[in-house]
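There are 6 protein chains.
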Amino acid sequence: MSDPQTYIYPGSFDPVTNGHLDIISRASRMCKQLIVAVGRNREKKTLFTVEERIAMLRESAARVADSAGRPGGGNIEVVSFTGLLADFARQCGASVIVKGLRAMSDFEYEFQMALLNKYLDERIETIFMMTNVQFTYLSSSAVKELALNGADISGLVPDGVQERIRFKVTSQRG
Amino acid sequence: MSDPQTYIYPGSFDPVTNGHLDIISRASRMCKQLIVAVGRNREKKTLFTVEERIAMLRESAARVADSAGRPGGGNIEVVSFTGLLADFARQCGASVIVKGLRAMSDFEYEFQMALLNKYLDERIETIFMMTNVQFTYLSSSAVKELALNGADISGLVPDGVQERIRFKVTSQRG
Amino acid sequence: MSDPQTYIYPGSFDPVTNGHLDIISRASRMCKQLIVAVGRNREKKTLFTVEERIAMLRESAARVADSAGRPGGGNIEVVSFTGLLADFARQCGASVIVKGLRAMSDFEYEFQMALLNKYLDERIETIFMMTNVQFTYLSSSAVKELALNGADISGLVPDGVQERIRFKVTSQRG
Amino acid sequence: MSDPQTYIYPGSFDPVTNGHLDIISRASRMCKQLIVAVGRNREKKTLFTVEERIAMLRESAARVADSAGRPGGGNIEVVSFTGLLADFARQCGASVIVKGLRAMSDFEYEFQMALLNKYLDERIETIFMMTNVQFTYLSSSAVKELALNGADISGLVPDGVQERIRFKVTSQRG
Amino acid sequence: MSDPQTYIYPGSFDPVTNGHLDIISRASRMCKQLIVAVGRNREKKTLFTVEERIAMLRESAARVADSAGRPGGGNIEVVSFTGLLADFARQCGASVIVKGLRAMSDFEYEFQMALLNKYLDERIETIFMMTNVQFTYLSSSAVKELALNGADISGLVPDGVQERIRFKVTSQRG
Amino acid sequence: MSDPQTYIYPGSFDPVTNGHLDIISRASRMCKQLIVAVGRNREKKTLFTVEERIAMLRESAARVADSAGRPGGGNIEVVSFTGLLADFARQCGASVIVKGLRAMSDFEYEFQMALLNKYLDERIETIFMMTNVQFTYLSSSAVKELALNGADISGLVPDGVQERIRFKVTSQRG
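In order, the protein sequence lines correspond to chains A, B, C, D, E and F. So the first sequence is numbered by the working numbering: it starts at -3 and just counts up by one. So the second sequence is numbered by the working numbering: it starts at -3 and just counts up by one. So the third sequence is numbered by the working numbering: it starts at -3 and just counts up by one. So the fourth sequence is numbered by the working numbering: it starts at -3 and just counts up by one. So the fifth sequence is numbered by the working numbering: it starts at -3 and just counts up by one. So the sixth sequence is numbered by the working numbering: it starts at -3 and just counts up by one.
Bear in mind the hints are in silico, worked out from the structure with no lab data behind them. One or more hints might be untrue.
Identical copies go unnamed one by one, so any copy, or any two together, can satisfy a pair.
What the hints assert, rightly or not - Here are the simulated lysine-lysine pairs, DSS-like style, with alpha carbons at most 30 Å apart:
(1) K41 - K28
(2) K164 - K41
(3) K164 - K140
(4) K114 - K41
(5) K164 - K28
(6) K114 - K164
Given the structure is predicted, the values throughout are model-derived calculations rather than measurements.
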C-alpha cells in the first residue's frame, strides 16, 4: 500500500548538481523516506552510466544529511528505474512525486507530466518545490558544457563530482 | 518547534470553491495536520466576513473528509490570521506552506511570495500542488461574478455555499 | 437558435484602436454576421460613455469595410450589453466569441474566460486571432495615456477618434 | 479562390488523440468544409506511416460526426501534404488555419508560425481554439510512451487507435 | 542632441531597494552618465514623497559608487519627471532607457512599454538588465509590506532606508 | 582589460537575417566597438560553414552602417569563436554581451545563459534588446525552411543572402 510519507524524486542526474542536492536535502526533511530514482533510458545518451550516477548521488546524499546534524542518509534511498514513473512509484509504495522548479522554465512540461501521472494513478500527488534562487542557472547539461570547456565548476556540484566529470571528459577526449 | 508534518494552506477563500476544497482534501492526506488560514486583511474588500468564510470552510472541510471514508475533518483546522504568513506559520508550528496552482497563471506571483517567505524564515518550505484541471477556470471572483449575474454555480462551490452567496448578493441588491 | 456563422467580439473599446479595428475587419470576413459588443460596466471608470464608444466603433467599422471593396459595414453590428457574455451571445444567436491576442500578454486571462464561458454554455466556442504585430504595444489605456500627455496618436486610432479623445481630454482638464 | 468557410487543420497526428478529435469535431461545426491535413515530413521519424495516420483519422472523424446527429464526416476531409502549409492551404481553397492550444504550452511556437503564414499570404487567418481541459496533458508522444510501457490508453485515443498502437508496438519489439 | 552614452533609469523607487541599487551600480559602469528618473505621478498613492525618494536614492547611489573605488556618484544624477518618459529622455539628451528584469515576471509589461517608447521616438533604445537572482523576490511593495509587519528588512534596502521606512510607518500608525 | 564600450553579439547566424541585422545596427550605435561572434560548434549541423556565415555578416554589416550615413562598418568586427562565450569575451576585452529577444519566446533560455555567464565572470553584463516587432516571426531556421520550399525570402534576409541560400539549397538537392 502507498504511504503518504514516502516521497519519490525522479531524474536523470547526469550528474547530480548542487541544485538537485538542495531539493534532496529539503524534501528528506518533509517525509519518512525519500526515494531518489534515476531513470534508466536506453535512448538518451548520457555522460555517466546509471551505476556511476547512483554512486555520486549516494555519496552526496550521505554528506548533506550529515551537515544537518543527523546520521547520514538515514531516510534517503537511491535506486534506478525503467518504465513509467507512476508504476514504479506504486511498486515502491511512494505516493508523492517531488519535482524541483527553476524559475518558470521547467513548469509547463512538469505540469503536463504531473497531470499525466494523475491520470495513470489518481492517488499519486506531485508536489513542486522551488529550486534555491542561487541555482536558477544550474542544470546538468550546463555543468557538462562548462567542464568540457575547462571552467571551474566546484561551486555547482557536490564534492567528488567535479573530479569524476573531469576524469570522464579527459578520457573521452584522450 | 515547527513540525514537518504540519501544513498551512493560506488564502482569502471569499468564498471557498471546489478548487480550494480539492487542494484541502488532497493536502490533508499528506500530513498530520492541515491548518487552513484565512487572511484577515482590512484593506481588501470582501463579499463575506472572515467569520462567514471560516464557517463555510469548516462545513465544507468536514464533508470532504467524510467522503474519503474517514471521520470528518479530523486533521483539518480552520483559523484566521493577520500579519505575515511566515510569522503565523511559526506560531502554529507549521513548516510547510501549501499553494494550489491553476495552469501557470498563478505561478509568478506565488514564486515570489515563496522566495520571500524563505527569506523571512529559511526553515519554511512552500510546496505547490496542481489544481485539478477541471477547476482551471475557477476562482472566487469568477464565482461571485457568475452568482451576481444569476448563473448556476452549483458545480463550482461546495454544498451550502451557493445559498449563502445568493443570499448575500440578494441582500446587497435589495 | 445559435448560428455558427454569427460571431461576437466583446470589449470595452474605450476607445476603439487600430488594433481592434484590424480584428473587426478580419473577423467580419470569416462569418455572416459580426456583433461588436461593448460591455456596459458601471463599476469600471471609462473615458467615453457607452454611447460614445458605440458611435466611434460604428464610424470606424463602416470605413474599414469599405476599404475592402464591399458596401460599408454590411455584416457588422455594434451593440452594448450587460451581464454575462455567454448569456448575451445566446440571446444574439451568436455561437462564436472572437478575441484578439497581443503576443502572449493577454493569453492567460482570456484562456480562463473562454473555459468559463464553455462551462456556462458548452455550445459556445471562443476563437483567438492574433493582433497584427505592429499593434503589439497598442491598448486603449496606452492611447489615453499618450493623448493625455500630448503625443501624436494618429497612427494608433481610426480617423475621428483622435479628435474625440483630444476634445475629451481638454474638456476634462479645463 | 479561397473560401472563408473552408478551414484547414494541420498536424502530424502520429496518432490522432481524443484531443485532436475534440478540435476536429468543434471546428467542423463552424465551417462548410474542414480539411484535416497530415504533414508528410521525411526527416521526422514517426510510429505510423502517413497512410495509417490518414486511415485512423478518417475512421475517427466519421464516428465523431455521427455522434452529433449528422451523417458521418460530411464536411471533413483527410489528406496529406508536403511543403509549406500556406501554399497547400491556397491550393485547397482554404483561408483559415485551425490550431488547438493546450494551456499555454504550445502558444509561442504556434504564434510564430501563424505570423510566418500571414507573411507568406496575408489573406490566410489562423484561429486558435482551446483544447478541452481534460486533454491538457494529452499529446501523441505521451500516448506512444504510455502504450510502449503497457499503460491503458483507452480513454486517450479514439476507438480502434489503441489496438493499432499495441499491434505496432508489439511488432516493433518482436 | 541625444547622446548614446547617456542612460536613463526610470521608476517609482518608493523606496529604493537593493535590487534597484544593483542595477544603478552596474548600469553606471556601462555609460558616461546615468540619470535615475523618479516618476511624479499624482494619481499613484506612495509612501514617500518624490523629494524623500530622491534623497534616499542620492544617498544610496553615492555610497555604491564609492564601494567600487571611484569618487562618489560622479556619473549618477537623480531627478524627477512628469509626463511621457520618451519626452523626458529626449529633453535630458538620453538615448538609452535601462530596465531591470526580475525573472520573467516583469517582462511582458516592460516589453510593451519599450515598443511604445520606440513608436514615440525610434532613436530611443531600451536595454534590459537582469536583476541579481538574490533579489528575485524583492520589490518596493514587498519591502513596505514587511516593514509594516515588523520584519527585519536590513538586507533588502540600502543603509538609511530601513530607518526612514520605520519612521514613516510608525508616524502613519501613531 | 575589459572595456565597458566593447560589446559582443554572439550567435550561429546560419544565415544572418534582417532581425539580426537590426540588432547589429542598433547595438553598434550604442558602443565604441561591436564584435559579432559566430559560434564554431562542430556538433551542430549548419547549412553554411563558419567562413560563409562570416562573409555574409561582413557584407551585411557594411551596408547597414552605410545607410545610417556613416562610413561602412567602422566599429563592427565579425569573428568566430569556440569554447565558452565568457572566456572569449574576456579575451576580446568585451564586457557587455548583447542578445536580441523576440517577444518572450527566447527569454527563459537567454536568462539562464546570462546568469551562467555572470557566474563565470561577474564583470560581464548581458543586455537584452527587443527585436523589431516586424521580425517577431523571423529566425534562421524559418528562413531556411521557406527557402527550401521555394518561398520568396527577399524581405527577411539582407541583400545577397537570398542568392547564397538558393545556391546552397539547389546544390544540396542536385
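So, going through the hints one by one against the coordinates:
1. Taking the shortest Cα distances, K41 and K28 never come within 30 Å of each other, neither inside one copy (33 Å) nor across copies (42 Å).
2. Taking identical chains as interchangeable, the C-alpha atoms of K164 and K41 lie at most 30 Å apart whether they share a chain (14 Å) or sit on different chains (25 Å).
3. For a Cα distance limit of 30 Å, the shortest separation of K164 from K140 inside one copy, 10 Å, qualifies, whereas the shortest one across copies, 34 Å, does not.
4. With identical chains, the CA atoms of K114 and K41 are at most 30 Å apart both within one copy (28 Å) and between copies (29 Å).
5. Neither within a single protomer nor between protomers do K164 and K28 lie at most 30 Å apart by alpha-carbon distance, with minima of 35 Å and 42 Å respectively.
6. Taking identical chains as interchangeable, the C-alpha atoms of K114 and K164 lie at most 30 Å apart only when they sit on different chains, with a minimum of 26 Å there against 38 Å within one chain.
Violation of the numbered hints given earlier is confined to hints 1, 5; the remaining hints are satisfied by the structure.
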